[in-house]
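Once you've looked at the hints, dock chains A, F and L against the given chain P.
Protein chains: 4
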Amino acid sequence: MSKISVAVLGATGMIGQRFIQMLEDHPYFEIEGLYASERSQGKKLRDVLKVRDHVYLDDTMDRTIEVMDIAKISKSCRVAFSGIPSDLAGPTETELAESGVAVFTNAGSHRMDANVPILIPEVNPDHFESIKDQPTYKDGGYIVTNANCSSTGIALPLVAIDKAFGLKQVFVSTYQALSGAGYPGVPSLDAVGNVVPFISHEEEKMESELAKMLGTYSGGKFNFAGFKVMANCARVPVVDGHLESLVLDLDAQPTLDELSKALSGFRGEPQKLGLPSAPDQPVIVRAEENRPQPAFDAMAGTPARARGMASTVGRLRQSNGYYKAFVMSHNTLRGGAGGSVLNAELAKAKGIL
Amino acid sequence: MSKISVAVLGATGMIGQRFIQMLEDHPYFEIEGLYASERSQGKKLRDVLKVRDHVYLDDTMDRTIEVMDIAKISKSCRVAFSGIPSDLAGPTETELAESGVAVFTNAGSHRMDANVPILIPEVNPDHFESIKDQPTYKDGGYIVTNANCSSTGIALPLVAIDKAFGLKQVFVSTYQALSGAGYPGVPSLDAVGNVVPFISHEEEKMESELAKMLGTYSGGKFNFAGFKVMANCARVPVVDGHLESLVLDLDAQPTLDELSKALSGFRGEPQKLGLPSAPDQPVIVRAEENRPQPAFDAMAGTPARARGMASTVGRLRQSNGYYKAFVMSHNTLRGGAGGSVLNAELAKAKGIL
Amino acid sequence: MSKISVAVLGATGMIGQRFIQMLEDHPYFEIEGLYASERSQGKKLRDVLKVRDHVYLDDTMDRTIEVMDIAKISKSCRVAFSGIPSDLAGPTETELAESGVAVFTNAGSHRMDANVPILIPEVNPDHFESIKDQPTYKDGGYIVTNANCSSTGIALPLVAIDKAFGLKQVFVSTYQALSGAGYPGVPSLDAVGNVVPFISHEEEKMESELAKMLGTYSGGKFNFAGFKVMANCARVPVVDGHLESLVLDLDAQPTLDELSKALSGFRGEPQKLGLPSAPDQPVIVRAEENRPQPAFDAMAGTPARARGMASTVGRLRQSNGYYKAFVMSHNTLRGGAGGSVLNAELAKAKGIL
Amino acid sequence: MSKISVAVLGATGMIGQRFIQMLEDHPYFEIEGLYASERSQGKKLRDVLKVRDHVYLDDTMDRTIEVMDIAKISKSCRVAFSGIPSDLAGPTETELAESGVAVFTNAGSHRMDANVPILIPEVNPDHFESIKDQPTYKDGGYIVTNANCSSTGIALPLVAIDKAFGLKQVFVSTYQALSGAGYPGVPSLDAVGNVVPFISHEEEKMESELAKMLGTYSGGKFNFAGFKVMANCARVPVVDGHLESLVLDLDAQPTLDELSKALSGFRGEPQKLGLPSAPDQPVIVRAEENRPQPAFDAMAGTPARARGMASTVGRLRQSNGYYKAFVMSHNTLRGGAGGSVLNAELAKAKGIL
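Chains as they are written, first to last, in our numbering: chain P, 1 to 353; chain A, 1 to 353; chain F, 1 to 353; chain L, 1 to 353.
Be aware that a few hints might be false.
All copies of an identical chain are treated as equivalent in the list; a pair is satisfied when it fits inside any one copy or across any two copies.
[Said to hold, decoys possible] For lysine to any residue, the following SDA-like pairs were computed, each having C-alpha atoms within a straight-line distance of at most 20 angstroms:
1) K350 with Q271
2) K75 with I199
3) K44 with E288
4) K228 with G321
5) K72 with R267
6) K43 with I73
To be clear, the hints were calculated from the coordinates, so they are not data collected in a lab.
Looking at chain P on its own, in the form it has when it is part of the complex (with noise of 0.2 angstroms):
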């Protein structure tokens, strides 16, 4: 069978990077060609990435490959996986859907439109459906959007504990990772020995896109859920992997042990259907009174391919009626390129690239 040919955007980006690294030898995919801003195009790819960037690719990648003009995707190419920025984002993706390319996009610009999915497949892959009724889809051009990434790494975990005992109320507080917020990003005389109780926009994204996720989409239009998010942002001096500590407002009551074998237990659609970049379990609990922890935690997942696609769970409490656990995920794989990825890999299972 002869693999898809995708096109990545941004691609000197530390999302665009990933994307390049996680569609290495990949069972569906191959990249057609690599596409960047004008600062970038018509440079080999060796001359474009800064040398910080270079922390995503293995030395013997070829970067002899040319980066190209957006504006100039390859006809051959109907599949694209966008790193663009988000304020930049918007207008290209939607153009891109308009000339028939299935856009699978890390950037925030259409989280928020009618019929655009925010997709985590394990969560909510029957909101896959919404695309049949964007406007471009009859020419085989949509838009699939996976979460923010402090929304995606708790995500899994939410859905597993809703269907099992229903949520309320979410109090999340978290412990955000610099790649976060790209390359350069944040300023070193900030972070080091430091936190920044601020990250712009990000709070209001965890309150409205678990909303979005977690309800349905029926009747041509997204149901949000009922529960609410209560979300304090902040940036620690971690290089990858965010941490959120949660207090949740459960209809039922169920034991730690209860909770605990509802999120180790809980399985999606891409565990399923065997998709190739979804972990074995998505959701992992630590018995460890100290852990999630970035060092040892941020690349969860199993086999190889899935590395960093899993959520941790661990420090699971009860507190006067509320439950109380540390979650923790890799920002940039399974809440940035990863996810994406795992979108496409879920179209092609149901025929729909």
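Frame of chain P; chains A, F and L shown alone:
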């Protein structure tokens, strides 16, 4: 007026050194002697201090003072400040109180004892009355504790809010500094580029101490406040200063402006009495979108003697009927030695010393 | 005696703010105006300052001062302190000198110019004579530069050693702080848990500036010193304070005790003249086996106005006929704004202002 | 061919765990047992490992293996890898050698002993002959040490340079990672935002070990190399990977291109023999202006089994007749457990095991 002679116990530790620092040129107190464990006693201060510990002690300080055995506290010394580690402090402090010494301690050993107050002069000055019910009081000895560092920082804004608008529930997540674990404390391999979502017994302390402090003392016992606290505690790679995220459920529904005014206008007993280490404004409200931060706000507080004694609140927001904020305070000053020094100043002003 | 009015150029940057801080209540100077780039001009200082930048400026400072266009420097102002970035400073500073302004600058643009001294008052006060050979001097205008931050820190101990024992070769490796790169400067992803062994042009600057400063000025030109400097420069995750390792080849073979005494006993012109920002002891020698460290020694220097103006030397050792040491100095105080302020104080004392 | 049974001593420490990791699926060796101090013995591995220590051990590893008393090493085990702390290793390793065990150790206790080689297979494979002069050799027991971590990293490039151009003097400053101090090791309060310019005995080790390794073994004794080493050692807030700055005085005056080729073309005995943990290219030269860096280059080395076994050199420069460079290597792999494993592989290939 002659100054009151005081002993500093656990003088070589991080809190002990903060006591020495805060008592330098103090208008009420003068250090009679430094006392520490067997390991240190009989040595000169400069030989005892670990290199790192120097941080708190100015080079000009007299380091030839001898560190003495706690058992040998001078008879002329009726006041002691204790920075003894909590796991050792209990019996020593009890013995001292029994021998007629007024003990102002940062250790946690006696915080939950009957008739022993957890005192923050702006929060619960009337709890001082409880010492009169301590069996040793008639002979001049008693124990006054200050609260745990992470409880202290939010106690100041919480009491201001509780008085004005009524507190029902507190959801708090902490971003705690490394100095809170003492020296050597947290291994650097756990701290650099990492967050550890566990501090032994910290969450339990926050959930109980705040209720005790914001409660009342009457009829010879403490009546805990009725609001609930749900705490998640984590250690971040910051040297000094605890940041805490809050979500509050209030009886009233003030505007953010009313909330801000209640916080910045809050004054307590120490301000009225003009105690030397009391900050002019105990709760500072910052309007910037990204404050408070450890790098800028840990040392908040005026005048000079009160540096590190104010709490800073920022990012006041509303969400789904709840109020959100971040709070910053210095964990070894207001949340440590400074707390006990202020308690002793209150005792002096009340004529109990 | 009325104070001399001075302008601060590049007032909103990290060095500019250090100028403002060091000129507060200065006995010789008072700020006439703050000047900055087009981007800032016409705004109030408080609106211009990036949040991080607040670090240097006390909250009590008057932030309502308007920041003005450099082109509009008041006629009443004959002295300017320049914290303009080096890549922009050149022409502006030349123009100011031509219009009769005495410019004391931290920028590197003119450091290697003929007749422009790189001045450290303890090191080469006689180089001040060179300004009289600047073409603009007759009309009162001239340029005095301070050295690069990593050159400055070791220049103080090196001159003391050179005078006493003769310097032949200097092998230096630097551990430079992040503030040396300004704000936003180094991206946090490059800094957290990492070291970057490259700072553009830094090694070349060290190798040439030290030879110029420790040389002589005679016959209208600078004669560079004969010793060689071999520098390796790296950036480490430290906020303030450059640490530097030294291996020295000397003409004489002093004992370590003689070396230590030559360093701690060293005094220069600023000490003799009692300049306001001069440290009583410009080179401090620490005997502890693990000092100097950024955390403890960056702010070395007494009295209060001279904090961060002393260099600290430690770990004096001998090996194979060479001498080894570590040196610590503050890169934006002595190695930045403080250096230029001290230069202007020397000018004042010499009656040239 | 059956594998050789080996014991891992000090199995629960950082080096011990690296031994376990490097011996997983090893083609020559299989772990017979894990041995550790009294404190650990009799417990399951999973109960012994401190949480942080998990970092090196994959979750899939069998953690139910019991940790045993070193005194009880199985008779069937004739090879031991020692990760025992240097201050305890001496007598235990001597005893084992006396009882006929071949000991490959990372401890420093015996490095300077007569007839005990400090072995790096690419550097001094002929030093292996010295073990035949150890008194215990006739009964099959002997001790082979690997070098100190900071000596190892630069030994690879230095031997390549020495062979081609003759080494006269080495000026080295280190930027050493925290893992070099073990766990708990360096307190976080000394590490975060700081540099400590002192590592006990490290400079002395570098100055003597390199001369021993690059010398010869003949006539039953080691003849030290004639070049001089002047070392300055410091600890920086990096988790893994030592960076070192070099200034070299050479006999010849090669061009930088010749120097680069001598380094990247260097191959040693392990490459010729195809030893399993040998990197294809032991010294990698990077052309980028800001490499090597811990974040990117610590794990250098191919194939997979040799990750962290190559040294990376960058920033080759000339200055005043000297050569300058930065070198990066992994301190607990090539500079720790990996060094001893490679030594044992060489012994196996030479038929001495």
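Within, between, both or neither, where K44 and E288 count as close if Cα-Cα is 20 angstroms or less
Classified as between: cross-chain Cα gap 16 angstroms, same-chain 47 angstroms, threshold 20 angstroms.
Checking an output row: K228 and G321, CA cutoff 20 angstroms. Within, between, both or neither?
Answer is both; intra-copy 17 angstroms and inter-copy 10 angstroms each pass.
Is it within, between, both or neither when you check K72 against R267 at 20 angstroms Cα-Cα?
The answer is neither: 40 angstroms in one copy and 46 angstroms across copies each exceed 20 angstroms.
Checking an output row: K75 and I199, CA cutoff 20 angstroms. Within, between, both or neither?
neither (38 angstroms within a copy, 45 angstroms between copies)
Is the C-alpha distance from K43 to I73 at most 20 angstroms within one copy, between copies, in both cases, or in neither?
within (16 angstroms within a copy, 45 angstroms between copies)
Between the shortest in-copy and the shortest cross-copy C-alpha distance, which are at most 20 angstroms for K350 and Q271: within, between, both, or neither?
Answer is within: at 14 angstroms inside a copy they meet the 20 angstroms cutoff, but 50 angstroms across does not.
Against the hints set out earlier in the document, violations occur for numbers 2, 5.
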